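Colleague: Protein chains in written order, with this note's numbering: chain Z, 2 to 85; chain U, 2 to 85; chain G, 95 to 252; chain L, 95 to 252.
Just so you know, the hints here were simulated from the structure itself, not pulled from any lab data. Among the hints, erroneous ones may be present.
Partial list, computed: chain G residues near chain L (C-beta under 10 Å) [what the hints assert, rightly or not]:
#  : residue
1  : V100
2  : A105
3  : D108
4  : R115
5  : G119
6  : I130
7  : G131
8  : I189
9  : G200
10 : E207
From the derived model, a few chain G residues whose C-beta atoms are all more than 12 Å from chain L [stated by the list, open to error]:
#  : residue
11 : R156
12 : R222
13 : A226
Pulled from the structure, derived: some chain L residues nowhere near chain U, Cβ distances all over 10 Å [claimed, not checked]:
#  : residue
14 : A98
15 : V100
16 : Q103
17 : H111
18 : E148
19 : R156
20 : D163
21 : R168
22 : E184
23 : V190
24 : A217
25 : P218
26 : A226
27 : V232
28 : A233
These numbers were taken from a predicted model, which means no experiment stands behind them. We treat Cβ as the ideally placed atom computed from N, Cα and C, and that holds for glycine.
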Amino acid sequence: MVKLLYFARLRERLDCATESLELPAGVSTVGALRLWLAGRGGEWQAALAQDQSVRVAVNQDMASDATPVQDHDEVAFFPPVTGG
Amino acid sequence: MVKLLYFARLRERLDCATESLELPAGVSTVGALRLWLAGRGGEWQAALAQDQSVRVAVNQDMASDATPVQDHDEVAFFPPVTGG
Amino acid sequence: MVAARVRVQEADFDASHEIARLRAGDPRVGAVASFIGVCRDLNEGDAVATMTLEHYPGMTERSIERIIDEAMGRWQVFDALVVHRVGQLEPLDQIVFVAVTSAHRGDAFAACEFIMDYLKTQAPFWKREQTATGPRWVAARSSDDAAAARWAEAAIKG
Amino acid sequence: MVAARVRVQEADFDASHEIARLRAGDPRVGAVASFIGVCRDLNEGDAVATMTLEHYPGMTERSIERIIDEAMGRWQVFDALVVHRVGQLEPLDQIVFVAVTSAHRGDAFAACEFIMDYLKTQAPFWKREQTATGPRWVAARSSDDAAAARWAEAAIKG
Chain Z
2 MVKLLYFARL
12 RERLDCATES
22 LELPAGVSTV
32 GALRLWLAGR
42 GGEWQAALAQ
52 DQSVRVAVNQ
62 DMASDATPVQ
72 DHDEVAFFPP
82 VTGG
Chain U
2 MVKLLYFARL
12 RERLDCATES
22 LELPAGVSTV
32 GALRLWLAGR
42 GGEWQAALAQ
52 DQSVRVAVNQ
62 DMASDATPVQ
72 DHDEVAFFPP
82 VTGG
Chain G
95 MVAARVRVQE
105 ADFDASHEIA
115 RLRAGDPRVG
125 AVASFIGVCR
135 DLNEGDAVAT
145 MTLEHYPGMT
155 ERSIERIIDE
165 AMGRWQVFDA
175 LVVHRVGQLE
185 PLDQIVFVAV
195 TSAHRGDAFA
205 ACEFIMDYLK
215 TQAPFWKREQ
225 TATGPRWVAA
235 RSSDDAAAAR
245 WAEAAIKG
Chain L
95 MVAARVRVQE
105 ADFDASHEIA
115 RLRAGDPRVG
125 AVASFIGVCR
135 DLNEGDAVAT
145 MTLEHYPGMT
155 ERSIERIIDE
165 AMGRWQVFDA
175 LVVHRVGQLE
185 PLDQIVFVAV
195 TSAHRGDAFA
205 ACEFIMDYLK
215 TQAPFWKREQ
225 TATGPRWVAA
235 RSSDDAAAAR
245 WAEAAIKG
């Protein structure tokens, strides 16, 4: 299982703050996971499409599409940050 | 009369904080005034010599050797500043 | 005794108190540069009534710790502190505090500004504003990316 | 009501208090950059027991006012404050405080550092340190001249 987190506008659009997911077969990177989630269609497709500015962190470190994802990882999806 | 002020190390060396002076004949610039004061000899000569780092302000504005000096001016001599 | 260098909290903070704690008993400190970010009543031309700050607990602290480490590697500084508020804030409220101690002012200023610039683009906080036309998530600013990029090639490693 | 932008005093100051006063009631302020200069226990390798700060009353305030005017002409800032102590100080004592308010942090940081750099080379203060081998006047540092020169060609006009 991986733990997925969604923050801010993304959390609101998806109406989902966190979920646990059995890593789908063949999904071993951030890019593949994002594509798989977008495949759920509807808001998932719209919010996670490649043209959307979505940031991803794996185990609380900023990640890129190529970053590996494996069982027990914590993967977070969120918009560009706006603190400070 | 001009009012002369001396600060910090210069005040200590000259053992003089302030004095009033009838502007000597022919003295109409900062450079000339400094030369005239150095002409007093002793510590005045040593402290105000051209090779000493002495700053001068006329009427509380930083001045150079060419700055005019006239009756009623306030002229201050001091070392490079070290506040902050 | 080591005090936390990063705090995320709902409560307000007092700059003097934080600075006094940061440099307490360290007579090597000659310079303290600090910054306070404040909630404005206007953003992108619209009046802002309140603002809510969301964050990613755990990653927030971790990312700011890393930014401070990076700053301490680049400049001669003794210590640094970041306090960032979350929850609901209003115009005039303090949002963020950064303070850096050093022997000399140049290092303190540079490290303090570096930490703020990186925090703006790297630390997972998100602002939602309440305006007359309803709530909206604040958009990231390209000027913030530019400010962070100016500190050069050596990116903070993930 | 206009509060003094420059104060020279023997008394200590409180950064939070000064910042609160500086930005009081101004909801345009998004950024406050500030700096505190502190008395160290070591200078040029020697232990410093106490320090005495002398100044040129009148010219001091005037020169700092001019530095603030110059900063406000260069950057988009709302207000600025300089408090500088004189008289006898000890290690750990606060010496100088500079704070600048702005809508944005870049302007606040730049103006604050500019004011400090110019103050170090333009404002008539002199430090005398008491060390184990007796009193000595602190020598001006060429690094301070370099820091001020970095802000470029447009010198402060006399």
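Colleague: Each hint needs a verdict: does it hold in this structure or not?
Modeller: Hint check results:
1. At a threshold of 10 Å, the smallest CB-CB gap from G/V100 to chain L is about 19 Å, leaving the interface hint violated.
2. Checking G/A105 against chain L: minimum C-beta separation of about 15 Å lies over 10 Å; hint violated.
3. Among the interface hints, the one on G/D108 holds; its C-beta lies about 5 Å from the nearest C-beta in chain L, closer than the 10 Å criterion.
4. Because the smallest distance between the Cβ of G/R115 and any Cβ of chain L comes to about 13 Å, over 10 Å, the interface hint for this residue is violated.
5. Given the 10 Å rule on beta carbons, the hint for G/G119 holds: about 8 Å separates it from the nearest Cβ of chain L.
6. With 10 Å as the threshold, the beta carbon of G/I130 comes within range of chain L, its nearest partner Cβ sitting at about 4 Å, so the hint holds.
7. Interface hint at G/G131: satisfied, since its Cβ lies 6 Å from the closest Cβ of chain L, which is below the 10 Å cut-off.
8. With 10 Å as the threshold, the beta carbon of G/I189 comes within range of chain L, its nearest partner Cβ sitting at about 9 Å, so the hint holds.
9. For G/G200, the suggested interface contact is upheld, since its CB lies about 6 Å from the closest CB of chain L, less than 10 Å.
10. Restraint check, G/E207 versus chain L: the minimum CB separation of about 5 Å is within 10 Å; hint holds.
11. Distance check on G/R156: its Cβ is at least 23 Å (rounded) from any Cβ of chain L, clearing the 12 Å threshold; non-interface status holds.
12. Every C-beta of chain L lies more than 12 Å from that of G/R222, the closest at about 17 Å, which supports listing it as non-interface.
13. Remark: the non-interface label on G/A226 is consistent with the geometry, its nearest Cβ contact in chain L lying 16 Å away (cut-off 12 Å).
14. No Cβ of chain U comes within 10 Å of the Cβ of L/A98; the nearest lies about 17 Å off, and the non-interface call holds.
15. Its beta-carbon lying about 13 Å from the closest one in chain U, L/V100 satisfies the requirement of being farther than 10 Å from that chain.
16. Its beta-carbon lying about 13 Å from the closest one in chain U, L/Q103 satisfies the requirement of being farther than 10 Å from that chain.
17. Distance to chain U confirms L/H111 as a non-interface residue, since its nearest Cβ pair spans about 21 Å, more than 10 Å.
18. Distance check on L/E148: its Cβ comes as close as 6 Å (rounded) to a Cβ of chain U, failing to clear the 10 Å threshold; non-interface status is violated.
19. With a least beta-carbon separation of about 5 Å from chain U, L/R156 fails to lie farther than 10 Å from that chain, contradicting its non-interface assignment.
20. With a cut of 10 Å on Cβ distances, L/D163 stays outside the contact zone with chain U, its closest approach being about 14 Å.
21. With a cut of 10 Å on Cβ distances, L/R168 stays outside the contact zone with chain U, its closest approach being about 19 Å.
22. With a cut of 10 Å on Cβ distances, L/E184 stays outside the contact zone with chain U, its closest approach being about 17 Å.
23. Look at L/V190: its CB is around 5 Å from the nearest CB on chain U, not clear of 10 Å, so calling it non-interface is violated.
24. Consistency note on L/A217: stated as away from chain U, yet its beta-carbon is not over 10 Å from all of that chain's, at 6 Å minimum.
25. A beta-carbon of chain U is positioned within 10 Å of the beta-carbon of L/P218; the least distance is around 5 Å.
26. Every C-beta of chain U lies more than 10 Å from that of L/A226, the closest at about 20 Å, which supports listing it as non-interface.
27. For L/V232, the condition that its CB be more than 10 Å from all CB atoms of chain U is violated, with the nearest at approximately 5 Å.
28. Not every CB of chain U is more than 10 Å from the CB of L/A233 (nearest about 7 Å), against its label as outside the interface.
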